[in-house]
Amino acid sequence: MINHIIRSLFYFFVFVLVQVLFLNQIHFLRMAMPFLYVYFLLKLPVGTLRIYTLLLSFLTGLTVDFFCNTPGMHAAACMCAGFVREPVISFFIGKDLSADTSPSYSTFKYGGFMRYTLAVVLVHHFVLLMIESMTLFDFWFLLLRILLSVVLTCGLIFAVELIDVKLQKGEK
Amino acid sequence: MRKLLDFLIRQRHWLVFILLITVSGVLIYRNAAYQRTVFISSANVVVGYAASVSGYANSYLNLREINTELTARNGNLEKQLLTLQQRLEHQKPDTVLNFAVPGDSAEHFPYHFVIAKVVNNSVIHLSNYITIGKGRKHGIAPGMGVISDHGVVGIISHVSDYFAVVLPILNPKHRLSCKLSRTNYFGSLVWNGRDARYAQLDELPRHVQIQEGDTIVTSGYSAIFPAGIMVGKVYNFQRHHDDNFYSAEVELSVDFSSLNDVHVIINERQEEQADLEQEAIQ
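Protein sequences, first through last, are from chains A and B.
Mapped onto the working numbering, the consecutive letters of the first sequence carry residue numbers 3 to 174.
Mapped onto the working numbering, the consecutive letters of the second sequence carry residue numbers 3 to 284.
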């Protein structure tokens, strides 16, 4: 349990910092933006109470908002991602998981983890970019931005997860 | 009653979700209403300092380019100085010419400049903001113009003691009154949210002669910017069939994605002009 809390705190600080200091500057082809900090929400243990998941996602979103000058936008997107997390897990992976398991390649299998990531990231990006473009509505451009951003974020998350697995094996 | 309570406790994550979504909705709405609290923005001191650390680190990255640019600019200014000096020398002995008389010493240039570092910047969102490392303590107030060495950047929107947030051209809330330098016809410049290199100049009357490559400068009507500050060049233009106005695509002279140093323009007479115009309307 303590182990999980420490690891989650570590993920929170590292990925929110990486997001606000580096990834916020990246704008691939002037369309796709990576939002790697969602990784923190993905890695919360399966048994986390839904209320805690929601509060944590709100906090994460608000922290990123502070740095992006976009009060509420990331918070709302993270809330939606945090809200669908559990239904998505039970849909793709099933309900018979011990409360301690943290989503990863080894616990969810490669395909399972990728499907789970894709679903949560899609929800997050859809809400985020939808809110952002509320003032300037341009449907096809919006769709393109969402798809490219999802591809970029998921690619980054899969890569980070690979490194993470190796690091943890190294520790053992 | 008991069943209802049980139900509410079992489904409490729904309540939390609705509550927090409402909170973020309110935040977004207040932002959209342009009443952004200075608290949740980079004008906030803690975030400002964190951002300035990364800003300082980034500012070392392209020192070489900036150096060459500054040297080139220095050379240009020196050349201008020499030509002007030469012209002055020519005109001094000629007492017949009127304009050789030195200007009235009572009339002084009402603009001052404050140099500031960019500590946070974005070009990738639909509404972009820039944070600079000078604020109220340095005499900066909302509504002042901001330029860089290459041209117009934007307008100050919020200030705290040591930081200020700039609303750049790359924000659809920003409208800038501009004119064609060649013909002096004016229009209004906005950004469509697509490409950080181009903005759109609208409301140009239909009879105006316009060419690709025409220089666009500030009109000076708003008292925020002095007249004649570089904005960009006409990239292409089109006339709509059902419209009496041209709209032109303008290639901005400022490269917002590599912005490092800016100048804030303080106009002593800005308030006076605004008050007078307000009075005339009423």
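Hints listed in this document are in silico derivations from the structure and should not be mistaken for laboratory results.
Among the hints, erroneous ones may be present.
[Said to hold, decoys possible] Sample of chain B residues at the chain A side, in silico, Cβ under 7 Å:
#	residue
1	ILE11
2	HIS15
3	VAL18
4	LEU128
[To be verified] A partial selection of chain B residues facing chain A, derived with a Cβ cut-off under 8 Å:
#	residue
5	LEU29
6	ALA53
7	THR70
8	THR73
9	ASN246
From the three backbone atoms N, C-alpha and C, an ideal C-beta is built for every residue, glycine too.
Checked hints:
The beta carbon of ILE11/B comes no nearer than 11 Å to any beta carbon in chain A, farther than 7 Å, and the hint placing it at the interface is violated. A cut of 7 Å between beta carbons decides the hint on HIS15/B: the least distance to chain A is about 4 Å, and the hint holds. With a least beta-carbon distance of about 5 Å to chain A, the hint placing VAL18/B at the interface is held under the 7 Å criterion. For LEU128/B, the suggested interface contact is upheld, since its CB lies about 6 Å from the closest CB of chain A, less than 7 Å.
With a cut of 8 Å, the hint placing LEU29/B at the interface with chain A holds, because the nearest CB-to-CB distance is about 3 Å. With a least beta-carbon distance of about 7 Å to chain A, the hint placing ALA53/B at the interface is held under the 8 Å criterion. The restraint placing THR70/B at the interface with chain A is violated, with a minimum CB-CB distance near 23 Å, outside the 8 Å limit. Among the interface hints, the one on THR73/B is violated; its C-beta lies about 27 Å from the nearest C-beta in chain A, farther than the 8 Å criterion.
Of the supplied interface hints, the one on ASN246/B is violated, with its beta-carbon coming no nearer than about 25 Å to a beta-carbon of chain A, more than 8 Å.
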